[in-house]
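**Student:** One letter stands for each residue in the lines below.
There are 2 protein chains.
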Amino acid sequence: MADSINRRWLLAQRPSGNLKDSDFELVREAIPTPGAGEFVVKVTHLSFDPTQRGWLAADSYLPAVKIGEVVRAGGAGEVVASNNPKFPVGAKVQGAFGWQDYCLTDGGGFWPCATLHPGMSAEHALGIFGTTGLTAYFGLRDVGQPKTGDVVLISGAAGATGSVVGQIAKAMGCTAIGIAGGKTKCDWVVETAGFDACIDYKSEPVAKRIKELAPKGVNVVFENVGGDILDAALANLAQRARVVLCGGISSYNAASAAEIQGLKNYMALTVTRSRMEGFIVLDYAPRFAEGVKALADWMAAGAIKSIEDVQEGLENAPATLRRLFEGKNFGKQLLRL
Amino acid sequence: MADSINRRWLLAQRPSGNLKDSDFELVREAIPTPGAGEFVVKVTHLSFDPTQRGWLAADSYLPAVKIGEVVRAGGAGEVVASNNPKFPVGAKVQGAFGWQDYCLTDGGGFWPCATLHPGMSAEHALGIFGTTGLTAYFGLRDVGQPKTGDVVLISGAAGATGSVVGQIAKAMGCTAIGIAGGKTKCDWVVETAGFDACIDYKSEPVAKRIKELAPKGVNVVFENVGGDILDAALANLAQRARVVLCGGISSYNAASAAEIQGLKNYMALTVTRSRMEGFIVLDYAPRFAEGVKALADWMAAGAIKSIEDVQEGLENAPATLRRLFEGKNFGKQLLRL
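So the sequences go chain by chain: A and B.
Numbering (our numbering) for the first sequence: 1 to 337.
Numbering (our numbering) for the second sequence: 1 to 337.
Careful, some of the hints might be misleading.
Copies of the same chain look alike in the list, so a pair counts if it works inside one copy or between any two.
With a straight-line Cα cutoff of 27 Å, these simulated BS3-like cross-link-like pairs (lysine-lysine) come out [to be verified]: (1) 147 x 170; (2) 211 x 66; (3) 66 x 216; (4) 293 x 147; (5) 66 x 208; (6) 147 x 305; (7) 328 x 183; (8) 170 x 305; (9) 328 x 170; (10) 305 x 328; (11) 216 x 183; (12) 216 x 170.
Since the hints were derived computationally from the structure, they do not count as laboratory data.
Work out the full structure, taking the sequences as your base and the hints as a guide.
**Tutor:** This is the structure we're talking about:
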């Protein structure tokens with residue numbers, strides 16, 4: 001171990017509204033020593049996902065990060081000290097390592113540590129083969145249940161999950177229509193991620209554009225944004241449509257319920273006999289191997305690709321998380337330490 | 001035919017906001033004479049349902065009632081003139097007869113005419129064995145999928161459909177919690193309709209009371225109201241809950257989308273892995289006989305009962321429809337002509 005210091009970002013206070021630097025505190029501690037059954041991972045990459053904002057706010061499908069705890073995040077790295085024969089020194093691993101240079105762990109918990117497949121990069125492990133790609137796969141396939149020829153509408157289309165959902169939809173024989181903010185992003189969604197079309201919510205009337213692009217309505221909505229964007233989608237449902245509620249990034253920074261933009265068109269679910277359903281990707285853990293294989297097969301066939309947006313330096317962790325809510329990332333947001 | 005005049009309520013203009021007398025026009029015409037294959041029904045009872053408000057406003061799952069057309073409504077009556085051997089003079093029938101003394105029909109269309117089962121009263125045919133009871137049966141059973149021991153939350157619990165849903169829930173071994181407006185209604189929901197409890201949304205904090213009555217969350221929500229009431233339910237979902245979107249009476253009189261109370265807690269569907277699903281009872285027409293049999297068996301066993309609220313006189317049709325939106329009806333709203 002070349003370094004002698006473990007930098008750690010702790011949660012200093014519950015964020016209210018937009019994330020601020022003062023919500024976090026960077027501390028310097030000694031590198032931990034593993035006890036019986038434990039090992040130490042030198043973290044090389046961190047994953048950033050909108051759901052992390054929720055973990056800082058309140059108990060939900062996972063308990064909230066406590067004040068004074070290291071900020072929770074998925075990551076990848078290498079074992080540098082070990083009393084655990086399953087994870088020997090030199091092993092490349094992934095797990096919920098958090099915003100720190102070194103993570104002490106026994107490998108268990110709600111998000112168990114796993115050894116990377118031989119030849120799999122940390123970027124792919126955290127992105128296309130991590131919760132990002134698996135969220136896209138299980139959310140679209142199991143909850144959205146697209147059929148060949150269906151129109152799939154994807155909000156947050158330039159984001160990590162959204163950009164994979166559109167690629168999977170295309171691979172499954174569907175039409176993929178994205179929604180993203182700004183011409184640069186929309187061009188990227190079509191040209192790089194390969195969607196059929198992308199609506200710029202910053203300059204175009206979203207509901208009207210959906211109607212033009214999908215005059216018979218959309219069969220599947222993969223929703224990452226919520227609020228007005230979801231209302232525009234609800235106004236354009238085909239009969240018996242499936243709305244996959246993956247996230248609602250438009251509301252994550254709301255300081256109170258009063259700030260949340262309410263959904264007005266939910267009764268469209270009745271008129272079109274449609275359903276709106278939420279899911280948590282961790283529930284699919286027993287089937288992750290199936291998802292990784294499907295994604296790897298599509299990648300090998302050239303049908304989908306992994307697209308990463310890599311920032312540098314642990315000191316930039318809070319700013320990197322903010323990028324998601326400022327609409328700055330293209331594809332999967334990672335931080336290399 | 002003793003009368004020589006057919007009074008008919010026509011739609012005079014598209015209603016905006018609350019229903020007004022001037023939205024309708026009462027005309028007097030000659031009683032029609034049946035052509036080939038046609039017959040004339042003397043209407044004895046009309047059914048009133050919240051969805052009729054939607055038919056007056058815009059095309060939805062059925063085309064809107066046109067300006068100048070008779071107001072669409074289900075009804076029951078007796079054939080008084082006929083050139084149709086399936087429906088001879090004297091037959092007791094039900095169908096979409098509309099707000100008029102006499103209906104000329106060939107018995108077909110999206111809502112075909114049907115002969116009443118022998119011994120079935122018009123009140124039961126339009127209520128418990130009509131779309132009201134069938135909406136409760138298929139919505140709860142097929143969409144809500146309650147399991148024994150589940151907690152079922154029902155808004156509009158004193159209404160026609162809601163009061164049957166709670167009775168079916170009890171018959172299926174569930175706990176039935178109602179939501180209604182005012183102490184008189186809530187007492188009726190518990191004492192007459194037999195729910196386990198009823199929350200008064202006019203005097204009680206709904207979300208807090210749901211939490212007290214169902215500390216582990218509600219497994220099924222049968223939603224007739226929408227808006228704030230639905231938000232309170234969403235805040236109290238158990239894991240993998242089912243929200244049955246039957247109606248949203250709180251929004252039916254909204255003159256524009258801006259007046260609709262938006263849903264704020266829809267992301268609870270994600271955190272609890274739940275779904276919200278709409279349905280249209282007419283889709284279940286091929287299975288109506290199954291529903292009628294199930295309801296009749298429960299009635300025979302004393303597990304459920306038909307509860308009707310009968311007004312008098314065709315001249316009171318607009319006022320009777322308004323009763324639904326003024327929260328005046330207890331059970332199924334009917335009008336006897």
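**Student:** The structure should be examined with respect to each hint, and the outcome stated for every one.
**Tutor:** Do the hints match the structure? See the list:
1. 147 x 170: Result: close within a single copy only, 11 Å intra versus 38 Å inter.
2. 211 x 66: So residue 211 and residue 66 pass the 27 Å test across copies only (25 Å; inside, 45 Å).
3. 66 x 216: between (48 Å within a copy, 24 Å between copies)
4. 293 x 147: within (20 Å within a copy, 36 Å between copies)
5. 66 x 208: Between. Shortest inter-copy distance 26 Å satisfies the 27 Å Cα cut-off; intra-copy 44 Å does not.
6. 147 x 305: within (22 Å within a copy, 43 Å between copies)
7. 328 x 183: Close inside one copy (13 Å), not across copies (53 Å); limit 27 Å.
8. 170 x 305: within (12 Å within a copy, 52 Å between copies)
9. 328 x 170: within (25 Å within a copy, 52 Å between copies)
10. 305 x 328: For residue 305 and residue 328, only the intra-copy Cα distance (20 Å) is at most 27 Å; the inter-copy one is 60 Å.
11. 216 x 183: Only inside one copy: residue 216 and residue 183 sit 26 Å apart there, 47 Å across copies, limit 27 Å.
12. 216 x 170: So residue 216 and residue 170 pass the 27 Å test inside one copy only (18 Å; across, 41 Å).
In summary, this structure violates none of the numbered hints.
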